[in-house]
Amino acid sequence: MEQQAFFFTSKVEPSVTPSRRNLVIEAGAGTGKTTAIVGEVLKLMLEHDDLALDRIVLMTFTEKAAGEIADRIRVALQELSQGLAGSGGWPIGSPHPLVTIEDPERARLTIARHLENIDTLRSQTIHSFCQSLLRGFPIEAGLDPQFKIIEGFERSLLYGQLYDAWLDEETRVLPVPEVVAEWELLFAHAGYLFQIRDLILTLLERRDLLAETDYDFGDFEEVRASLMDALHAIRRSPDDTGDEHARRVFAYVRESVSVPPFIPRSELDQELDAVIDYLQPIASSIREANLPRNGVLKEALKLLRAGDKGRSLYDRLASHRAAMALIALTRRFLGYLDEEKRKLGVVDFDDLLLRTLAVLDDPQVLARSRGQFDFIFVDEFQDTDRTQARIIERLARDADGAYVPGKTVVVGDPKQSIYGFRRADPETYYQMTADLERGGAERRVIADQYRSDPPLVEVVNSMFTRLFPPQVHDPNVFRPAYNTLKAARTTSRRELDARITLLQARHDDKSDRYFAEAEAIAGWIRAGRDGSALDLQRYAILFRRLTRIDDYLDTLQRHGIDYVLPPTRSFLDRRAPVDLLAILRALAYPFDLGAQISAARSVYFGLTDAEVVAGCRVPGEREEPAPPESRQPWLAFAEAMTGLREASLHLTVSQLIDRVLSATHIEEIYDASTDGDRHLSHLEHVRAIAFEYDQRLGGSVQQFVDEITRRRGEPEEVEPSLLDDTKNAVRILTVHAAKGLEFETVILPDLSFQTTGSDILQLFTVEEPRSLVLSGRAESISGNFRFDADGEKLKKISKQRDDAETLRLFYVAVTRAKTDVVFVVNPEEKKTGFQRALLSLLGETPLEWPAQGRDVRLTDIGPVAFETVEPTDASARDRKRLRDPELEATLAAGALVPFTPEQLAPATEVLTSGEIASARAGSRGKAAGILLHRVLELWDGKGDANALLDQLAVEAAADADTVTRVRKRLATIARSETLQRITRAETLGRELPIRFLQDGLLVERRIDRLIREHGRNVVIDYKSGHPDPARIAKDRLQLTRYRTALTTLTGRPCDGLLWYVDLESDVVVDVSGS
Amino acid sequence: MPSLRFAPYRDIASEVATRLLAAREGRDPLTPWEEEVLVPSRGVAEAIAREMLNREPSGLAGLQLQSLESLAVRILSDAGQTPRVAEEAERRLAMRTAARGIDDPLLSSRGVAGMLERSYRDMRDSGFTLAQFTRRVEEARGLRNAPRTRLALRAWTEYERWISQVNAIDPADLLQRASRLVGEFVRPQLLAGFYDMTGAQRRFLDALLRADRVAAIWVPSSAPFAQPFVQSLREDVDADSGSGKARDSSPARTVTQSDTRLEEMQEVCSQVAILLAAGTNASEIGIVARSLEPYDARLLHRFAAQSGFAITLGEEIPLAAHRIGRGALTLLRLRERGFPRTSVLGLVRDGLRTQTRLDVDAADAETRRARIAGGTSEELRRRRIRSAVIDAYIELVAELEILTASINLPLLARLGSLFRVETEADLAAAEELDEVAALFRRFGTAALPDVLDAIEQGGIRAQDGPGAQGPLIWCGEVPRFRGRSFAHLFAIRMQDDVFPQRRTEDPLLPDSDRRILGLREIGDGREEEQLLFSLLSESAGVHVHFSFASGDGFGKVLRPSRFVRSLPAEDRIAPLAHPEPGIHDAQRDRQLQLLVRAGTRSAFDGYVPGIDPSTLRLSPTQLEDFGECPQKFLLKHVLGVRDIDQPEREIQIHHRDKGTLDHKILERFYRSLTEDELHAANAALPQLPVALGERLEEFVDDQFDEHEGDVPPFNRTVRDIERRATKRILREFVIHDLADLQTLDLVPRWFEYRFGAKHRQLANHPEPFIVDVDGVPVRVEGTIDRIDVGRVSTNHRIVDYKSGKALRHANLGDKIDRGVRLQLALYAMSVSSFFELDSKDVSATIKPLVTGDVKPASFAFALEEKREGLLETLRIFIRAITAGTFPAFPNEKDTEFNSCKYCPVNHSCRTKHDLDERYAVQQQKDPRTLLGAGL
Ligand code: SF4
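Quick mapping for you: the protein sequence lines, in order, are chains U and A. Just so it is clear: in the first sequence, position 1015 is 1015 by the numbering used here, and no numbers are missing. Just so it is clear: in the second sequence, position 270 is 270 by the numbering used here, and no numbers are missing.
If you are wondering where the hints come from, they were derived from the structure by calculation, not from laboratory data. The reader is advised that the hints may include incorrect statements.
[Stated by the list, open to error] Straight line, CA to CA, 30 Å or less: simulated DSBU-like cross-link-like pairs of lysine-lysine:
1. A:K556 to U:K818
2. U:K830 to A:K925
3. U:K309 to A:K727
[As the list claims (entries may be wrong)] Okay, the calculated bits of chain U under chain A, using three or more residues with CB under 8 Å as the criterion:
4. 24–35
5. 401–411
We treat Cβ as the ideally placed atom computed from N, Cα and C, and that holds for glycine.
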């Protein structure tokens, strides 16, 4: 430990810690990255009792990590404050404490103080850090001050809609010739608009790179010379060797009148067009030609091919041109998107980062943001992407551009950088940590590994010193060297003959591969169970993809092995959402027979196919029509649908869903099935989406169904949730999600799986030669005609990075284990992915398994067990479907239960037209009624009512029509006998509040006027308009309540008057007596 | 001097009640009260009223329990002043209009009005007038961004102008005016339950104090956050005569952690139900959260109903989600969006009353088939293909054009009445629209974006769903909770970032500026949140059940609030089972039967009574559908299911139409080629002779023009791009094709070769090709794109064009053997029979029109190799049809056969989406083996 390297003065002014150095901690797997970061924060706290904790920011990459670190710091402080008397440091009881305490008395006070303020410590993800920064400077960042973050379904919905709107604007509403030309180029290349959409939306995910100005895609200039050489060589060569295709090419070149360049160099774009047109007629001949023997022509043809057989320079150049159109269009779309999002006041997670980086260009913002924090700790620093790293870097420097000493601590392990698909790249890690070190930071490597049994640490070391050898630094592909781990545990949890097991999963037919692997795993786990209460918790099966896990799950289930699984992503394509959508679609599209049939066949109704056919088949000419009773089920279904469709007219989408679910009792049905929990949780997710949809968009059912259908395939970016860690079950998760977790036995199946990045399109930067490369469906010149130091095309670098990342992923996977690792191997599989890494380690060891049982052999990496489990009867899939086996047996065996859907009650009460008319009239007259009340509240019955009316009309913002009505009613009142009666009596109150309890509930009302007349109390209720019997009955009821309340209150009887005042006349209804 | 006492809310209610009732001992219940009460919230008012009614059950009359603002209104009213306080919607609109009036890009985003409003409110609530504040700004040094602050001042000036133009005043002015009028006539006030005030309220209070109109003061807490308020009163009151301590019997406090938010709500509702069942009075139970999202409210309502009680929490549906609100928005946007088809029909579905009579479902179906994406009536009238329904649709568009000719105040005033009103919710929606119209009438303008915004902001109260009965439980957010207390309190959503709630800085007037300008600072809110939390914790008589969730249920991690971290944990209780007893047993069993049997070749898996194949007209394409997925065949060709087109998504020409176009162009082109031209073309390779190139382009133009008459483009640019692309693609194709013909020494001889009865007199061969399959005659009819014939040999090659790259047809030979590709093989057999050719002289190929790096061999086969297998396939298929065997066979790989790609039910097919069902069939490689194995 190098704690002495830190020295703090006892009294520190914030921002002034001259003797502190920045720190780069490299912590291998299992060495406790979080512990290291917590230790650093504790040290800082202990040595500064006046440290304001809100001047520390801890950045993590997941919410979960943010919570964990904050908790661990708090718990550590508590532990320290309790254990001060005993141990001398933290972690408590550790033989190598990271934090030591010299003056317990002082430390006690310091800790108490910090504990009091611990909640001001900011432990947050970098995204939420950016969010709070932007909230402080929205205007500088060009954002809506009340911006809202959109993610998941909402985001893809919005982007989809904006894309459509943009396409419409660019091509239909305001087509500009230059832009249309770009669309046309890209259309020619991609063939379909939906493919262009895919391309643009794919590129959008790399919009950080689209903003790069220091890198370029290359241009025709770089190809021109070699093209000219090839053409001239052909023209000069008299030879006519080669196959028919080659001869066609040569003839064309020789016979063509002119040879490029046709156009002055300044107009490169046009020149590129001209060259492409020139090459077009021979493009396919170039692709198909074999290289001739003649050396000159051979070289020339090679150049024209720009690759292997099947390629042609034409394709490359056309691809580049399309690529540039694509880039230009994507940039335009980005501009449009940003503007629209700003107007709507929304941002996504990428915006948070990019906007933050951009707003830090504002010197004032930068200065203020820098000044806000004295200490920045970054966890899992290898997961940062370029934008994040730049943000951190900016905050870490001072106004002169130097790193502020002691401000920044980054902790990471470059060998665990596995988030390439989220743009993390270890090259960035390398650059920034190297930069920090150049700026004076200390680099510290933590080697003590606490996770694994010592023999396993030994194996891990020998595996990864081989896979991560020290090598010359490659600026384009960072391959960190391995630092040997030191087993910090002294004892093993388990005694094993080998820590690595190669479990044989041989199979004959390719399609059985996953099945065979699953069988082997299930057999192996079954054999290893000890019957204890938590005997399954030991195992974790780590996958690289979850798309193929169905076979595994099924097999585990068949073997009675429980498992827990994180939520899968594209849940919209799973059964429960699909069934629900089928119903909604059938409701929204009554004319879509397919939708009706799907709905009828779904578990919501359960029609048999025979019933469907009987119901909707139109018999052929020579056929007997189906007997009417056979159509019954279909008709009953159709009727139920009509009922729901009518109900849907009065419901929002989420209300309709509620209605459908309750009408068909579907929750109860799913609940009865063995995998019901999953179905129900999927259903809940759809309900939540529908609710959001109503809230934000309020579209129709048809629109909802269309949108969901469109977004089905799009995965949702979510953090892997916490696993239920109490259940005795095997853990199943991806290697990515397993990062940061540990398990006793790690099982790795599907070894030969190999990612290929995005097969649609990849955009990446290369450092040497500095380039932006686009490859895939459209390729930039930089990818095909620029080369790295080894002479490889730059587009290959992405593959190299993928390979390097696969190795790192392999490292992460293996190092999750505490006791042992099991590889599920089929030697016949392709040598790709993990399989390749594993086989390279085994070197000369022959891949031979015993027919059955376990055979341990010594290999280059230590003892390895080759094991074959006894195959079980891998016959038909026989899974229980219902929780209640007896019911299942009955339903499976018995006859078909008749179809009898429930009749639906109406969803909403529909009012009569009379009710509607009077309610509408009432609502229009409401303003006049209120105004009249207000006048009568203030009017003494003698003064100028009209003047008062005018004054109060302003208060009520009444329109002229309303004022006129009230004026007329006032005139009626002035003429009325009742007015005389009221003014003669004693007024006890106007707008008099009364309160009483009714069935335990507090009731508050206001009485228009209470008078005393002939010694009796009289409640007067003003009413506008003319009464009808129904209205009087209703009003009478209400007035009676008031009278009763007043009678109870005063102990004296109380009378009542309903005074209906209309434009011309008034009516008084006496509501007295009992 | 008034006294000041510290007491928890419960005690405040009781002390105030005691004081008020004591003063009236023995007097007439209708005599006016000596004192009135000022309360900070409805909760406090209700608590006091309840306390009084508990002691005086006969009721209360005339007691004023009021907010500072209501007192201000009464004071003004008594003085003969009746100003109108601007409503929230008015203020919002005024601020929007003001912000827009100032031409600065900073003020152009949607939320800027909200930001301006918030800062303005703080400024006015601090007790400043705009003039006073402006002076301060002018004198201030060191503001973060002075020009921007001045910009805000301009916007505010403009805002105040708007407010006065609509004859209203700002709420802050109300208190200010009332302060000036406070006098003897105001009854003495008891100030009950405040611990903080805005500057404007504080000034009003000062006026009351100065006039000796405050009789007593109760403050619910002496926590740090309340101190500034208490300190500021020091001079004017008889200080602290209360304890300020929590009650002796403090409630139990526990915390429950649920896995998801949903479960949290569910469990809380179950707990409430258990309490109710045990005899606890509903008024003794409350549910509170620092803040609730709309979905929380939804879930609470849902689970409360399931657990047999109702909650007081209001639920609002956005106006835009109600059909009338949505319809209004659609109508207003109709013109600027170019009358899209979905919007037009959506309006009818949403209940717009129109003169044109239209069956909306029929119109939907027909306009889709006619590929109408939208457009004005004039544009639509140009279409050649029309029908009565389409004419009605066009008429409707014309009617809507008139209706939406201009968006103005008269249209707004009618908006609410344009739609059918049928239910209470409809009434509420129509009324809400009337209110929007009234708002704009007052402003005298109706800018479309403002109108849309106002409607989007609107909401209507959700009607209680079925089951929302039973005892009523109070439920709400902390601000409304203030002053209330319950025996059992459920404090839910105790999540980090929810409670304590984070304050966000005001970007317009950041705290540093506020300090300079003397405005109240926002700060981090810690002390206030702490106070709110302790008030909440002590407001229960028996038990506070805190709860939080560790995830949102959809993958997002949620963290617990720091307030509950150290509380003892409470056991989770299992949510109550679905209480609906109503399920109909027989129907449930049927539904469960589907779950049990599906995927076992059961009655739910496409096994139906047998169908006589001779009643069907079996084309090669249909048989191919059967080969890909028998269920698809059943649906499409036996039951008549068709695809539903989405014209608005189809900016490009529909793929079926595009196929027809390409075929017609190529047919014409090849037909037109003379022998000489063919020679010349061969000689010119790899280029196409100019004349032929021009001819090809001319044919493309002709076909596109013709197509436009039927389906005018909604997007002209894209249609033109497609036209040019077609020219280029076909040109490349032709060059490729000619080279291929030259290499194989073939000549195109027959084009669009039609055979079978359905072509009648147009047929090249009127008889269909009949294959006898186990005694069932299968009649093959169809059209062959092209037949090439050897120049010297007797070779015949069937050619089938496919637009695009035709990946689904690669490895054709293998796919024919597997029975998933049949069409071309059947054509080959037909040709061999019609031309009386030996099988070995007949071959066939698919020609993808998009050339490129495709391998031609993988798209071709020789009949001789396929014949026997093909007949066997047919036998299997016919037997299956006869037996009524139509299992679904999902496949989604383009390189395979992708049965689901063009299947009309692919979005909702059960087999495709269910693991078990899919697995059961996919054990076999393709339907042929599945059926073969089953027979
Ligand atoms: S979706 Fe696929 S499996 Fe289902 S019926 Fe259609 S083609 Fe068959």
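How the hints compare with the structure:
Restraint check: the Cα-Cα separation between K556 of chain A and K818 of chain U comes to about 28 Å, which is no more than 30 Å; the hinted pair holds. Proximity of K830 of chain U to K925 of chain A is assessed by CA-CA distance (about 22 Å); at most 30 Å being required, the pair is judged to hold. Of the supplied pair hints, the one linking K309 of chain U and K727 of chain A holds, its CA atoms being roughly 27 Å apart against a limit of 30 Å. As drawn, the segment 24–35 of chain U meets chain A at 0 residues by the rule of a beta-carbon pair under 8 Å; below three, the given contact is violated.
Beta-carbon proximity to chain A at under 8 Å applies to 0 residues in the segment 401–411 of chain U; the threshold of 3 is not reached and the given coverage is violated.
Of the hints listed earlier, those the structure fails to meet are numbers 4 and 5, in rising order.
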